[in-house]
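Engineer: Next come the chains, spelled out residue by residue.
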Amino acid sequence: MSRVFGSTESIAYPGGPTGPPGSLKRWLRLATALLLVVVLVLLAPLAERLPGIGPQVKVLRDSGVETGAWWWASVPEVAEAVRHMRGVNPGD
Amino acid sequence: MATNVSAIPEERPSEWSLMLRGEDWWSVWLGMLLLAIGMLIFLPRPPADLDAKIEKLSATMKSEEARAPFRTIAYWETEGALNRMRARDAEPGKTIGTYLATTARWKDSPLEAFYLSEADAAKRAEAAKPRREAALAKQKTAKEKAKASEDAAAAAGFKDAALNDAARTAIADWRAVKIPSAPKAHNYLPGYLVVGIGLMLFWALGNKVMGRGIGQFMLAFPAVFLLTILAFAIGNQVDIRAMGFSSVLWSIFLGMLIANTVGTPKWIMPAVQTEFYIKTGLVLLGASILFGKIVLIGIPGVFVAWVVTPIVLVLTYWFGQKIVKLPSKELNMTVSADMSVSGVSAAIATAAACRAKKEELTLAIGLSMVFTAVMIFAMPALINGIGMPKWFDGAGEVLAGAWMGGTIDNTGSVVAAGELVGRTAMYTAATIKMIQNIMIGVVAFGVAAYWALKVERERSGTAGRVDLTFGAAAGEIWRRFPRFILGFVAASIVFSILYDAKGAEWGKVMLEQGVLGGWADPLRDWFFGMAFVSIGLATNFRELAVHFKGGKPVILYVCGQTLNIVLTLAMAYLMFFVVFFPLTQRIMAM
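Chains A and B, in that order, are what the protein sequence lines are.
Whatever position you read off the first sequence (first residue = 1), add 40 for my numbering.
Whatever position you read off the second sequence (first residue = 1), add 342 for my numbering.
Don't take every hint at face value.
Said to hold, decoys possible - Which bits of chain B does chain A cover? Going by a derived footprint, with three or more residues having C-beta under 8 Å, they are:
#	region
1	544-551
2	622-635
Said to hold, decoys possible - To give a feel for the contact side, a few chain A residues facing chain B, derived at Cβ under 10 Å:
#	residue
3	63
4	68
5	69
6	79
7	81
8	106
9	107
10	109
11	110
12	121
By construction, these hints were calculated from the structure, which means they are not laboratory data.
All C-beta atoms, glycine included, are put in the ideal place defined by N, C-alpha and C.
Whole structure, please, built from the sequences with the hints as guidance.
Structural biologist: Have a look at this one:
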């Protein structure tokens with residue numbers, strides 16, 4: 041952290057990280073965790089070789105479905121489904 | 343979310359003062375301001391001759407529907423033309439869309455999330471050419487076959503059931519061919535600069551009028567914004583995305599990594615404004631809750647999505663209080679809503695309505711993400727394993743779709759699971775989920791009212807002292823009610839009325855593919871992205887562990903989801919195969 045911002049202090053949470061702010065141990069922890077994220081991202085393409093779900097991962101990847109989207113408007117297939125269902129309900 | 347929900351001052355500022363200075367009201371004002379700007383940008387610029395085109399294309403579709411007992415090639419081509427009309431494709435919507443984009447999908451090189459040169463895009467397009475050409479050839483052959491089948495059915499006056507079925511299948515096969523899009527060059531970096539500065543000024547305005555300092559906020563904002571971009575980039579890696587581990591998870595995770603290793607630097611904290619981002623984002627989200635869509639697949643859809651869901655929600659909450667004995671009512675409600683309604687969206691809305699703690703929302707979202715990642719693969723495996731799609735002469739796909747749509751948490755995951763079963767299953771699942779999504783407005787309103795009238799009164803010791811008259815109860819609700827929920831509901835009502843008044847086709851072109859799709863939705867994604875990063879930056883592993891004690895939230899989730907799975911299957915069977923089977927047959931005949 042730069043002193044430009046006037047403080048190198050980190051927020052102390054009850055039961056949170058202990059030790060002096062900016063200690064080498066903490067930075068090493070962050071670096072290790074980030075390294076793990078990078079490794080995970082690099083290994084992600086191997087998901088299609090996972091036993092059991094590999095072929096399904098490949099189908100979903102190739103289909104381009106927004107698997108992680110949490111709201112209907114972010115998933116184009118929902119609009120497709122709505123079009124497909126048009127007229128199904130006689131009250132439409 | 344508040345850190346101490348019970349701390350409600352008896353002496354509160356006047357409503358006028360809250361309207362001028364309070365965060366809840368300013369979330370409403372800013373959300374409404376953005377929606378008004380979106381309407382000013384898109385509504386005066388409809389595609390040329392929009393009404394006439396809608397009328398003409400709709401008439402063609404109607405006549406095609408009357409001509410044959412199945413949807414013909416001409417019907418789908420006309421529908422495609424209607425669907426290609428989008429208000430956001432015209433300027434300035436088009437440019438705004440490119441600036442508001444988050445990151446691109448990428449496979450091997452993370453840099454491609456932000457930048458792909460013309461030369462590299464051309465190389466990618468060249469490499470993808472054989473696959474694309476093969477798909478185009480397959481589509482051409484499928485269309486020829488569909489045309490021949492339709493002609494044969496037409497020659498028999500559409501009276502031969504076998505020929506009609508053959509034509510329907512051939513047309514479905516033609517429509518199922520997906521053409522891979524050609525990679526395009528992109529550079530999101532200028533967009534980040536514009537959006538970053540724009541959002542910083544936007545939030546600074548809110549902070550300023552609420553009497554908060556903006557200097558420290560403006561120094562801190564870029565850090566939160568950059569972490570949000572990083573989370574979007576990781577969540578857009580194609581394999582990670584396919585498994586459902588979206589940017590929501592990465593936003594929280596990256597924030598938590600910093601908070602729990604080196605500690606969140608104090609200078610970042612002025613921009614860690616979780617509640618403000620979420621409340622404003624919820625007002626924008628409200629605009630896409632369109633009540634007219636509830637009856638899309640008639641009464642069966644309403645029963646599966648709107649009858650089972652509240653039953654499961656109430657029973658799970660009761661189970662959490664009486665049997666599991668979760669210490670926090672807010673955590674109980676957030677997990678119950680997240681599991682029974684619609685995953686992350688319900689968790690956000692409910693947590694905000696009952697003022698849950700950040701750790702509680704994090705826990706609910708984490709549980710949802712993990713169980714959803716399992717269910718994406720487990721439910722289709724079970725459904726395909728027992729041969730459900732083939733039940734009832736193939737109509738079992740509707741049952742499978744309704745089952746998945748009512749139980750799997752997030753819309754994207756529902757569509758993914760449906761994709762692993764079949765097109766009809768996917769369409770049914772996606773529709774049920776969308777109808778269920780609409781429910782979050784009602785749930786958030788109900789939870790906020792329940793908390794105001796019961797939970798918070800009990801905590802403040804005023805409950806039970808006197809029996810409340812209707813007027814007094816209404817006054818009590820109003821006094822404690824989170825005001826931003828009013829903005830959330832008002833946005834939904836305004837856009838639902840507009841949608842119904844101008845017609846579904848106009849609504850699709852001008853609202854869904856204009857004000858919302860081209861403006862409010864991408865802004866909402868940014869707001870929630872920053873909110874999730876903020877949650878992570880303010881979440882402590884040990885505090886999270888306290889809420890996780892004894893695995894109680896997991897027990898609650900598993901028991902609630904088991905009930906959800908059983909009830910949804912029973913209701914879907916009852917509705918689609920016992921009471922309204924003709925409607926199921928119509929779905930299959932589309």
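Engineer: Each of the hints needs a verdict: does it hold here or not?
Structural biologist: Hints versus structure:
no. : hint    : in the structure
1   : 544-551 : violated (count 0)
2   : 622-635 : holds (count 3)
3   : 63      : holds (9 Å)
4   : 68      : holds (8 Å)
5   : 69      : holds (4 Å)
6   : 79      : violated (12 Å)
7   : 81      : holds (6 Å)
8   : 106     : holds (4 Å)
9   : 107     : holds (4 Å)
10  : 109     : holds (3 Å)
11  : 110     : holds (4 Å)
12  : 121     : holds (4 Å)
Going down the numbered hints, you'll see the structure goes against 1 and 6, while the others check out.
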